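A.B. asks: Full structure from sequences and hints, please.
Chains as they are written, first to last, in the working numbering: chain E, 127 to 565; chain G, 127 to 565.
Derived from the structure by calculation, the hints contain no laboratory data. Nothing here was measured: the structure is a model prediction, and the numbers come from that model.
Copies of the same chain are indistinguishable here, so a pair counts whether it falls within one copy or spans any two.
For lysine-lysine, the following DSS-like pairs were computed, each having C-alpha atoms within a straight-line distance of at most 25 Å:
| no. | residue 1 | residue 2 |
| --- | --- | --- |
| 1 | K164 | K255 |
| 2 | K255 | K205 |
| 3 | K546 | K364 |
| 4 | K469 | K164 |
Number of protein chains: 2
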Amino acid sequence: MASASSSSPPTLGIAVVGCGIIGSAVADALLNESALFKHRAGVTLQLRHVVEKDTEKALRAKIPQQILSDSIAPVLKDKRTQVVVELIGGLEPARTFVLQALKAGKHVVTANKYLLATHGVEIAEAARKAKRCVQFEASCGGAIPIVAALSESLLANDITRVVGIVNGTCNYILTQMTQHGQTYVAALAGAQAAGFAERDPTFDVNGTDSAHKLAILSSLAFGVEVPLNRIEVTGIDKLSDVDLKFAKEFGYVCKLLAIGEKTDGNLSLRVHPTFVSQDRLLANVHGSFNAISVTGHAAGETTYVGRGAGGKPTSSAVLADIIDIALGTAPLLFGRLPLLIGKPNVNIRFLPGSQVVSRNYLRVTAFDVPGVMAHITNILSRNNISLAGVNQHESKAGHPVPIIITTHESKDGDVSAAIKAIDQLKTITGNTVRIRVLA
Amino acid sequence: MASASSSSPPTLGIAVVGCGIIGSAVADALLNESALFKHRAGVTLQLRHVVEKDTEKALRAKIPQQILSDSIAPVLKDKRTQVVVELIGGLEPARTFVLQALKAGKHVVTANKYLLATHGVEIAEAARKAKRCVQFEASCGGAIPIVAALSESLLANDITRVVGIVNGTCNYILTQMTQHGQTYVAALAGAQAAGFAERDPTFDVNGTDSAHKLAILSSLAFGVEVPLNRIEVTGIDKLSDVDLKFAKEFGYVCKLLAIGEKTDGNLSLRVHPTFVSQDRLLANVHGSFNAISVTGHAAGETTYVGRGAGGKPTSSAVLADIIDIALGTAPLLFGRLPLLIGKPNVNIRFLPGSQVVSRNYLRVTAFDVPGVMAHITNILSRNNISLAGVNQHESKAGHPVPIIITTHESKDGDVSAAIKAIDQLKTITGNTVRIRVLA
Numbered sequence: 127m128a129s130a131s132s133s134s135p136p137t138l139g140i141a142v143v144g145c146g147i148i149g150s151a152v153a154d155a156l157l158n159e160s161a162l163f164k165h166r167a168g169v170t171l172q173l174r175h176v177v178e179k180d181t182e183k184a185l186r187a188k189i190p191q192q193i194l195s196d197s198i199a200p201v202l203k204d205k206r207t208q209v210v211v212e213l214i215g216g217l218e219p220a221r222t223f224v225l226q227a228l229k230a231g232k233h234v235v236t237a238n239k240y241l242l243a244t245h246g247v248e249i250a251e252a253a254r255k256a257k258r259c260v261q262f263e264a265s266c267g268g269a270i271p272i273v274a275a276l277s278e279s280l281l282a283n284d285i286t287r288v289v290g291i292v293n294g295t296c297n298y299i300l301t302q303m304t305q306h307g308q309t310y311v312a313a314l315a316g317a318q319a320a321g322f323a324e325r326d327p328t329f330d331v332n333g334t335d336s337a338h339k340l341a342i343l344s345s346l347a348f349g350v351e352v353p354l355n356r357i358e359v360t361g362i363d364k365l366s367d368v369d370l371k372f373a374k375e376f377g378y379v380c381k382l383l384a385i386g387e388k389t390d391g392n393l394s395l396r397v398h399p400t401f402v403s404q405d406r407l408l409a410n411v412h413g414s415f416n417a418i419s420v421t422g423h424a425a426g427e428t429t430y431v432g433r434g435a436g437g438k439p440t441s442s443a444v445l446a447d448i449i450d451i452a453l454g455t456a457p458l459l460f461g462r463l464p465l466l467i468g469k470p471n472v473n474i475r476f477l478p479g480s481q482v483v484s485r486n487y488l489r490v491t492a493f494d495v496p497g498v499m500a501h502i503t504n505i506l507s508r509n510n511i512s513l514a515g516v517n518q519h520e521s522k523a524g525h526p527v528p529i530i531i532t533t534h535e536s537k538d539g540d541v542s543a544a545i546k547a548i549d550q551l552k553t554i555t556g557n558t559v560r561i562r563v564l565a
Numbered sequence: 127m128a129s130a131s132s133s134s135p136p137t138l139g140i141a142v143v144g145c146g147i148i149g150s151a152v153a154d155a156l157l158n159e160s161a162l163f164k165h166r167a168g169v170t171l172q173l174r175h176v177v178e179k180d181t182e183k184a185l186r187a188k189i190p191q192q193i194l195s196d197s198i199a200p201v202l203k204d205k206r207t208q209v210v211v212e213l214i215g216g217l218e219p220a221r222t223f224v225l226q227a228l229k230a231g232k233h234v235v236t237a238n239k240y241l242l243a244t245h246g247v248e249i250a251e252a253a254r255k256a257k258r259c260v261q262f263e264a265s266c267g268g269a270i271p272i273v274a275a276l277s278e279s280l281l282a283n284d285i286t287r288v289v290g291i292v293n294g295t296c297n298y299i300l301t302q303m304t305q306h307g308q309t310y311v312a313a314l315a316g317a318q319a320a321g322f323a324e325r326d327p328t329f330d331v332n333g334t335d336s337a338h339k340l341a342i343l344s345s346l347a348f349g350v351e352v353p354l355n356r357i358e359v360t361g362i363d364k365l366s367d368v369d370l371k372f373a374k375e376f377g378y379v380c381k382l383l384a385i386g387e388k389t390d391g392n393l394s395l396r397v398h399p400t401f402v403s404q405d406r407l408l409a410n411v412h413g414s415f416n417a418i419s420v421t422g423h424a425a426g427e428t429t430y431v432g433r434g435a436g437g438k439p440t441s442s443a444v445l446a447d448i449i450d451i452a453l454g455t456a457p458l459l460f461g462r463l464p465l466l467i468g469k470p471n472v473n474i475r476f477l478p479g480s481q482v483v484s485r486n487y488l489r490v491t492a493f494d495v496p497g498v499m500a501h502i503t504n505i506l507s508r509n510n511i512s513l514a515g516v517n518q519h520e521s522k523a524g525h526p527v528p529i530i531i532t533t534h535e536s537k538d539g540d541v542s543a544a545i546k547a548i549d550q551l552k553t554i555t556g557n558t559v560r561i562r563v564l565a
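C.D. replies: As structure tokens, then:
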């Protein structure tokens, strides 16, 4: 039986690897805010190394020359460095450094969702073998303590759903499109100009980054290893502002959602643009903010909202992880909880995409000729899809007209089959647009 | 340096004291969901005692006779019970039982905000003396892990503001008044019929319950003991549906907010109905849900939303506390963090209410005679209050007319002085209504 001990935790030596936006924010806090950590948490955190290939960049970030290095070797050798904070991003050399650090007996803190979604199980196993921990609060949701919520605060819950806005770039772009009627291309350019999108935003806008985060969150929520290819991913890069205007008209807001849902032991995992009912909390999370809602059998729905990116907000999560190591709670939890486990959870099956049930918004572009509506509704009916609403604006003579259809809950496979059939009608032009609806 | 240990935590013996709505939900989970706790957290939780004066009630809640008792004495003597869960509520006998349990070497879990807001320092000191911990996640915000967020996840932050909807009864009533135009009296009756308000709702509607929670949250956020008399409290029980209609007209939603705010080391603590701008997240938290926003210098604003009451949701937080004890993290943290400390934080001064700065909504009821507007605006100007907006609807001849004034940020003392002067004008009838605005 543990007793509450008031002995002081020791001084913790820290190496920050990677001195980009997050790394320099973490280093800055460790260099300048030690009084705060001492006051709030009673811990002494000492920055002993900053590793950055581009040493000029690190010096510009005011890293003192004497702790700066362009190699991880001195970190691995330093017995007084107990924590390696990996903030390089990407797969390599991040993966190698993390494994080396663990092998050298260091605890690891990382914000690297790509690495964890791809090699999380390998890294966690290496950590267990070395009797060290891997902390990754900053990998999902920036400043939002969603990893702590899923892996600690909600432990008494059978979690049935995780649904979140987990990419700030996409949410910023969608907010601009929704509130200012911008096209995707204009909104992306604006996001880049405002610093909310990378020069190469591919991983953000095509949904890959959200899928990485969903893999990590689902692993924590459902206790199962999530191979990335189990996640169906649609990005926002093909979205038309036309559909965002219709969303508004029908009381929805379009968000890129990452959704993990468990029904009778069947797990469905997907990332896609989603029409969210205006009165839901997630619909009211704007700009670069992130939000994650978790449904547990006891807690019901709890939602966590905050800044999903940025140096200072993300440093809050990284530093919390470091403090948890200094306090001793992180190694204790990592040793005892089944985090990032590789063994399949025998109680869970991955649901094939065609079996996932959703409500849908469909936009069919039809020529205004007699019988077209009958053709469409017959196809839907034949595919077991029941209509929630149909809306056809008046058209100018001869012009194609958008028909907006919303469906009740339908199987994704049935909807795909119906769309295929609709798109073959001669009275239809272009492809039917389909967006899921979260009511 | 702690290493990540994979040794199994021992079986934990638990006593639940008080078998009301929360107590019976916790007991039910401990009796029927042990497989879940084992699977998710690797812990074995054994319910060894339920203490309830009204044993008939406990039997109706399906508590097995053999673990039921109407006295705490067998719990204190049982060496295999390591945790006492206090769910009686109120000050006595809860306080005595908690102190006895700690003295007998038990850890304590409690959902009792009244007890902690009143005797938190005494109880925490007794726990430290006994080298045991007190866990209280369920005392604020029901299922929302706000205690974990403030005391762990946000440790790297200098927290400057905590603002929350922390009473589900009030939020339910205000939502009914706002969405359905009900009067306060009708909405309260509806809340009672729906089970969202107690038969005696005094502590909820007059703001006392929110003040208790604010005392606990502020203590965690600002590291200072908060005497209840430092909190200025206004309830919702005097609110008029007229003002809620005006709120809507001006783009606000009325919420009962608990606000702790630190500016240059000056702390202001208050509970009052507040007009919240419609596009803020807190304005979109409806019904019996709670929400707490925390602003930290690194994280920025993070917001936590969920069910603030009810047996099952609150049991989620109580059980998380029990699991943290089983895992060993709770005793570790309680021993090391300055939680519920009695010593004053020398860096913080309590700001007198008159010095607090807010924006305001004022409703003056005036006779429509020449000069009345000039009188009012002169008084405001003399008291250093600058107007953000003025709105006077046309009146029927001879009838008094409401004048709606919104102010820029002004000192509370200046606003009070202005209201006093306005209410003495002969052209005014009734008392000026004043509601703070969170822009």
